[in-house]
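A.B. asks: Residue numbers (our numbering), protein chains in the order written: chain A, 43 to 182; chain B, 43 to 182.
Simulated from the structure, these hints should not be mistaken for lab results.
These figures come from a predicted structure and were not determined experimentally.
Don't take every hint at face value.
Given that identical chains are not distinguished, each listed pair holds provided it fits within a single copy or across any two copies.
What the hints assert, rightly or not - Calculated lysine to aspartate or glutamate pairs in the EDC-like style (CA-CA distance at most 20 Å, straight line):
no. : residue 1 : residue 2
1   : K164      : D55
2   : K114      : E89
3   : K120      : E89
4   : K120      : D94
5   : K120      : E54
6   : K120      : D179
Number of protein chains: 2
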Amino acid sequence: MSEFNLHAKLAEDCFFIGALPLSDLLLLNDTRYPWCVLVPRVMGLTELMQLDAVQAQSLFAEIRLVSNILAKQPGVTKLNVGALGNLVPQLHIHVLGRSPSDAAWPGPVWGYGEAQPYSSQKSHQAIHQWRGLLGDDLVG
Amino acid sequence: MSEFNLHAKLAEDCFFIGALPLSDLLLLNDTRYPWCVLVPRVMGLTELMQLDAVQAQSLFAEIRLVSNILAKQPGVTKLNVGALGNLVPQLHIHVLGRSPSDAAWPGPVWGYGEAQPYSSQKSHQAIHQWRGLLGDDLVG
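Using the sequences and the accompanying hints, generate a full structural model.
C.D. replies: This is how it looks when you write it as structure tokens:
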């Protein structure tokens with residue numbers, strides 16, 4: 043596995059929560075939704091289908107882990123999972139919680155309106171909370 | 043596994059291509075994109091995370107199978123995979139091919155504009171072509 047570098051656009055738009063076995067887990071800087079992004083640390087991937095069976099198994103476990111936490115966030119009644127990559131080619135998987143009262147409901151969140159960034163304090167709180175909930179599932 | 047019934051909205055919006063080991067494979071009735079939908083034949087599922095590890099492995103294999111065919115369709119340069127379900131609760135996974143010249147590019151396809159239905163002849167051709175390409179991967 044060659045050295046992994048996060049795409050500049052993902053680095054710009056997200057906070058780093060921590061490393062899971064396959065993927066880096068990011069928090070999208072948009073308070074409108076509890077919105078995570080998983081980025082498998084394998085250089086050169088652009089499509090889900092490029093993951094081998096073992097990597098896919100890890101990714102699914104990580105989607106489930108993040109989903110279980112998101113499902114318990116206030117107001118969340120539905121999860122959305124998507125691998126699009128029309129703008130950022132590096133393979134990344136969106137996992138986010140939706141609510142019938144959220145900005146884009148029932149439409150998709152991608153490309154909808156303007157992100158509402160976290161304050162510095164709120165982002166630190168959110169990341170701290172995520173790291174606490176993930177506990178030993180984090181590898182870094 | 044209790045008897046599986048396809049949600050009425052999916053039945054209305056899609057053609058049945060065939061059965062894969064876990065999922066029914068549907069073709070969305072919208073000629074703007076080559077757009078498939080996988081519906082695991084397990085009643086009561088609404089979220090990806092409810093799949094067990096074996097089902098998830100099957101689903102991933104089916105996403106890969108469909109992705110490989112979609113990636114060879116004329117003009118397709120990117121795949122989009124999404125499990126949303128904001129409008130139709132039955133778990134279903136969209137797998138579709140995108141092109142920089144398609145209607146919604148680079149935005150998401152969900153909720154964008156109006157579907158352009160297949161003619162009866164074109165839908166039969168498309169389903170026949172899919173069934174030929176899937177061959178022995180179909181179980182029904």
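A.B. asks: Against this structure, judge whether each hint is valid.
C.D. replies: So, going through the hints one by one against the coordinates:
1. Taking the shortest Cα distances, K164 and D55 sit within 20 Å of each other inside one copy (15 Å), while across copies they are farther apart (42 Å).
2. Taking identical chains as interchangeable, the C-alpha atoms of K114 and E89 lie at most 20 Å apart only when they sit on different chains, with a minimum of 14 Å there against 29 Å within one chain.
3. When the C-alpha separation of K120 and E89 is checked against a cutoff of 20 Å, the pair qualifies only between copies, where the shortest distance is 8 Å, while the shortest distance within a copy is 24 Å.
4. For the homomeric pair K120 and D94, the shortest alpha-carbon distance between copies (18 Å) is at most 20 Å, but the shortest distance inside one copy (28 Å) is not.
5. Proximity of K120 and E54 under a CA criterion of 20 Å is satisfied in neither setting, with 27 Å inside one chain copy and 23 Å between copies.
6. With identical chains, the CA atoms of K120 and D179 are never at most 20 Å apart, being 23 Å at best within one copy and 32 Å at best between copies.
Going through the hint list in order, the structure does not satisfy hints 5, 6.
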